[in-house]
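Enquirer: Sequence:
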Amino acid sequence: MNNFKTTVKTSLFSSLIFTFATNTSADFANRKYIGATLGETSYPQFCSSANPRIKSQIPQGSTDGRFHCNSSGSTVKFYGGLRWNRYLALEISYLKPSAAQSSFYTNNENGEYAKAAYQVETHLLTAFLLGFYPINSNINMFARVGAGAWRGKLSEQQSAQFYIPQQLSNGQFTAQLQTLDKDKSQNHKGPHWGVGVGMNYVYRSHWIWRLEWEKLEPTGVDFNAETLSLGLGRLF
Numbered sequence: 004m005n006n007f008k009t010t011v012k013t014s015l016f017s018s019l020i021f022t023f024a025t026n027t028s029a030d031f032a033n034r035k036y037i038g039a040t041l042g043e044t045s046y047p048q049f050c051s052s053a054n055p056r057i058k059s060q061i062p063q064g065s066t067d068g069r070f071h072c073n074s075s076g077s078t079v080k081f082y083g084g085l086r087w088n089r090y091l092a093l094e095i096s097y098l099k100p101s102a103a104q105s106s107f108y109t110n111n112e113n114g115e116y117a118k119a120a121y122q123v124e125t126h127l128l129t130a131f132l133l134g135f136y137p138i139n140s141n142i143n144m145f146a147r148v149g150a151g152a153w154r155g156k157l158s159e160q161q162s163a164q165f166y167i168p169q170q171l172s173n174g175q176f177t178a179q180l181q182t183l184d185k186d187k188s189q190n191h192k193g194p195h196w197g198v199g200v201g202m203n204y205v206y207r208s209h210w211i212w213r214l215e216w217e218k219l220e221p222t223g224v225d226f227n228a229e230t231l232s233l234g235l236g237r238l239f
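Under our numbering, the first residue of the sequence shown carries the number 4, and numbering increases by one thereafter.
Quick caveat, the hints were computed from the structure, so don't treat them as lab data. Accuracy of the hints is not assured; some may be wrong.
[To be verified] Restricting the straight-line Cα-Cα distance to at most 30 angstroms, the calculated cross-link-like pairs of lysine-lysine (DSBU-like) are: (1) K218 with K156; (2) K192 with K156; (3) K99 with K192; (4) K118 with K187; (5) K118 with K192; (6) K192 with K218; (7) K218 with K99; (8) K99 with K156; (9) K99 with K187.
Produce the entire structure from the sequences given, and follow the hints as far as they go.
Expert: Here is the structure:
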């Protein structure tokens, strides 16, 4: 994440230098555009909501173990839109973040163990209305608000190996090793809303460097997604 933030700061500084190096201005009236961005998506509430869910899957007596939660990862976004004028645009975007994962594992010297995992994968399609504030002929700050549809897969895995007492025919007891494996997944979909802010730098009237932050909140789940990304687009 630190390396990505450093890259973003460097790119922003380079964009400012380009601004003073060119006098080319962009005409935005009724121009279509497309683009793609790469960045990082985080799920701020994911770990706090996933860990209790994992604890409920762990066999009793196995609560002393190791939790691991990864609530952020790389993301890719594709977008396209129509820039009506210098101040307004309508845009549609598709966002695919990396999966968020949380897991637990515990074992002992007898070979017994218990582990559980919870994973969320999402796809988000969003329509945004963008409002621009021109800094000069090449740099525009913007804010966005929109809504769309999301689809996700929630997967849960549980695995355990433990000894249980077995009574023999002679009345004595012995310990037998048992293995338990459970996997289930659920597909979810529904509406979501989103907001965001960012900056466009237009180079030679056609190319757009974009730096942006956005927050998307799907309904039906108890976490949202926040994305910081940098990308390149083109005006037509």
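Enquirer: Look at each hint and say if it fits the structure.
Expert: The hints, checked one at a time:
Proximity of K218 to K156 is assessed by CA-CA distance (about 20 angstroms); at most 30 angstroms being required, the pair is judged to hold. Only pairs whose Cα atoms come within 30 angstroms are accepted, and K192 paired with K156 is accepted, the gap being roughly 9 angstroms. The hinted pair formed by K99 and K192 meets the criterion: a straight-line CA distance of about 14 angstroms does not exceed 30 angstroms. Restraint check for K118 and K187: the C-alpha separation of about 15 angstroms stays at or below 30 angstroms, so the hint holds.
A distance of roughly 28 angstroms separates the Cα atoms of K118 and K192; the hinted pair therefore holds under the 30 angstroms criterion. Between K192 and K218 the alpha-carbon distance is near 18 angstroms, which keeps this suggested pair within the 30 angstroms criterion. Taking the CA atoms of K218 and K99, the gap is about 14 angstroms. The hint holds against a cut of 30 angstroms. Proposed proximity of K99 and K156 is supported: the alpha carbons are some 13 angstroms apart, at most 30 angstroms.
Of the supplied pair hints, the one linking K99 and K187 holds, its CA atoms being roughly 22 angstroms apart against a limit of 30 angstroms.
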